[in-house]
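Enquirer: Each chain, written out:
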Amino acid sequence: MDLLRIATAGSVDDGKSTLIGRLLYDSKAIFVDQMQAIERASRQRGDATLDLALLTDGLRAEREQGITIDVAYRYFATPRRKFVIADTPGHIQYTRNMVTGASTAELAIVLIDARRGVLTQSRRHGYLASLLQIPHIVVAVNKMDLVGFDQAVYAAIVANYTAFAAGLALENLHFIPISALQGDNVVEESLRMRWYDGPSLLHYLETVEIGVGRNLTDFRFPVQLAVRPNQDFRGYAGQVASGSIAAGDEVAILPSGLTSRVCSILASGEPAPAASLGDSVVITLEHELDISRGDMIVRKGQLPVVTDRLECTLCWLSEEVLVPSREYLLQHTTHQMRARILCIHHRVDVDTLTHEEAATLTLNEIGQVQIQTARLLFYDPYTANRATGSFILIDPYSHNTVAAGMILASTPPVAAAPARQTSTTANRPRSTNVTWEGETLSRQTREVHNGHLAAVLWLTGLSGAGKSTVARLVEQRLFDLGCQTFYLDGDNVRHGLNGDLGFSAADRKENIRRVAEVARLAFMHGQLAICAFISPFQADRDLARLLIPQGRFLEIYVRCSAEECARRDPKGLYARARRGEIAEFTGISSPYEPPLAPEMVLDTERTAPEEAVSQVLEELVRRRIVKLPMG
Amino acid sequence: MQVQQCNDLCANLKHLEAEAIFVIREVVAQCERPVLLFSGGKDSIVLVELAHRAFAPGRLPFPLLHVDTGHNFAETIEFRDALAVRTGAQMIVRYVQDSIDQGRVVEEQGPNASRNGLQTVTLLDALAEFRFDAALGGARRDEEKARAKERFFSHRNRYGQWEPKQQRPELWNLFNGRKHVDEHFRVFPLSNWTELDIWHYIRSRTIPVPSLYFAHERQVFRRNGVLLAASPFVPRFYGERVEMRQVRFRTVGDITCTGAVESAATTVEEIIVEIAAARVTERAARADDQRAETAMEDRKRQGYF
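Chains E and B are the protein sequences, given in the same order. Just so we're aligned, residue -16 is where the first sequence starts under our numbering, counting upward by one. Just so we're aligned, residue 59 is where the second sequence starts under our numbering, counting upward by one.
The hints are simulated quantities; they were obtained by calculation from the structure and are not laboratory data. Incorrect hints may have been included.
Said to hold, decoys possible - Distance windows between CB atoms, simulated:
#1 E:E310 x B:E187: 34 to 40 Å
#2 E:Q165 x B:Y296: 48 to 54 Å
#3 E:V306 x B:S269: 55 to 61 Å
#4 B:H274 x E:A257: 43 to 49 Å
#5 B:H274 x E:F216: 41 to 47 Å
Idealized CB from N, CA, C, for every residue including glycine.
Chain E on its own, in the form it takes in the complex (with noise of 0.2 Å):
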């Protein structure tokens, strides 16, 4: 049996604890003495039907007042899965509990009021579950028998909050129509709405993909304490925030940048081979070094960004509104430290989406920010791994916990721990007495940071088949729209770089490769590397093709027959190689290769090059790249 956990949004009008009611109630999670105790308090209020939502409205305050306040957390399981749910308040004043009981669920319940439609409490939610990047994110339409099981309202909310979500990085979004009241497609499949063929809540909850988004990649293990019973034992206790490890692997301790080797692991107190995501375990190293609690054990080769400034997402949970001269203790996995808000970059307002300058942020708010901490801390962007891309800031008056946080990127980076990675990249030329020296700063944090993914648009075909000019309009559209660009052209590259080569079948390869690395240095700095190249060879382009992970080389054929390309000749190089002045001249003296399986064919003959350059984008678009801005 696994283990779901569940986040549920929505305010008591929508029927929110009405539904976790009925999903315990139907599932047999709630036990006889427990619905005596509601009838009982039912009669007591005057109510003629049995109030579901006064199971999980526990606190004497929030039955007074018919809200939930607080977030509270309920248990039921099915034979196949067990299921925590943490029930937060849905109204503006409770973002931070809905924060809060968010922050470790794997799926987010989005109730939405069918006779209501899309509310801005709906996208709010939205919003926030995007935010705090839970995997999966089921929109519940509830009291559908209110609106007589109506398709077409259904279809509309659908609609509108699939529109919505466009904007944020939803991925996994799915819509069930329901009745929590009457048990419609909660447990059971309804049969007052046959004309949706989706699973029943539950059944969707019970298979439903567990561990999306895990980070089982990099080890990350922060040293939570010591263990030293006596002089031949030292160990290091701690839970595996990501990827694993296994004895005998080689290891680097941050910050020292020392490296060595796991001895032994213990797990739950008892010897285990390997350790992974989740586990509480105690690891001993075949060195004596001087660990302690707020270090960081990573896998050698693999390490996390090393900084003492952070941007990030910083979400603000306390009455008391933030003061930026104040010192506040960040707390980030075991790791605590002073640490000061150096700037407000801007608030979100997080009904709009829309950013606002602020000189403060105040309960509830949600805003961009950049904090300088008193020592180095080790993370990695939270979209790449929750456990160490968070935070919290505590007061250090109130010792209150004040402000969540979910780290961008840095800036800027201090000089990674001295470890150093070998290029594993084989079959390439490399000069001796040289290694490569590991990046401070990830593409993945370089993509966060730019908003947008790398990649290499490599455009190829014939001289004159309008590959610069094509190259030339996108990055300028790239630009306009706020994406870090880079320009690669065959004329320009053969100026210096390249000035010592020559046309032959060799020396077009040379320059080619020269090319590839340089797109390729350039890819992992985060940058859309447009390439304008003839690059004739399909074995040349295969090549730099290689360089880049799949899906990130985009082979673009500018196509072009010679004879168009010889009349449009915008450098009188046809008319020249005609007359023999030009050796080795692309299709005319030597040949072209055109794509065997291009990801885009650009046909300039038919096409105008403003028509060539949309479809570009799109197909940026399409393969999320690159992310148009709303509205």
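Dock chain B against chain E, hints included.
Expert: Coordinates of chain B only, in the frame set by chain E:
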């Protein structure tokens, strides 16, 4: 072989075990003088087991504290003393009787009198005596609706009181253990466990529990629908008839308020089957929770466990 046993825990229990161990270690790392509140019940027994695992191969870095009402089952006290010997843990015992003798509390009168509520004062006095700043408890959120709102690190003001509307937000697994002098934390590593999880874990890790949990013959009588053990601590009303029944206890607390259930379950496996089919919660047999709709919240506000 031991490694094998570890892998045998299902994903859910493995997760809960790792979570509880993380929380217990956070207490030791962040607080100066922690203590584990030991009641003799299954939850605190599991908590002791987890604490040992958290620091193995080292010793428990904190003592256990038992608040003895004087109205405990004899089996509970025997088990407590045996556990201290078996595990080598330091067991501190403080007595409600002493608080009564010192005039710190006044004993309830009448046939429904219970020392359950009086424990609070003895507990707070003991925390002050040893200057404990964190008390680990075995409470679970699934037990009761006020506990469903409890944090892992639950802050207590200088009067030892819980302020439900002032709770600190608790995000991810970042636990804020900072506090002022004289304040303390109650910490609940088993927050996400259910009654069934506890029993599955007891089975998987073969953890000994008091014989009270297994079906046995006992003199009992019925009051307000609850089966209470016949004992000198509970005066009976006229007409309350004592009879021999085969019973077991789902929770183990004070004799005056712990109800028995009729059962034939004599092994952990049989208990699991019985609970899986149960239609009432374990606290249904607790007379102390039946007193008022928000009885638990009211007691917690005053500093109860």
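Enquirer: Against this structure, judge whether each hint is valid.
Expert: Each hint, compared with the structure:
Separated by about 36 Å at the C-beta atoms, E310 (chain E) and E187 (chain B) satisfy the suggested range of 34 to 40 Å. In this structure, Q165 (chain E) and Y296 (chain B) meet the distance hint of 48 to 54 Å, their C-beta atoms being roughly 49 Å apart. Here the CB-CB span from V306 (chain E) to S269 (chain B) is close to 59 Å, well matched to the stated 55 to 61 Å. Checking the proposed 43 to 49 Å range against H274 (chain B) and A257 (chain E) shows it holds: the Cβ atoms sit about 44 Å from each other.
Restraint check, H274 (chain B) to F216 (chain E): a C-beta distance of roughly 43 Å satisfies the suggested window 41 to 47 Å.
No hint from the list above goes unmet by this structure.
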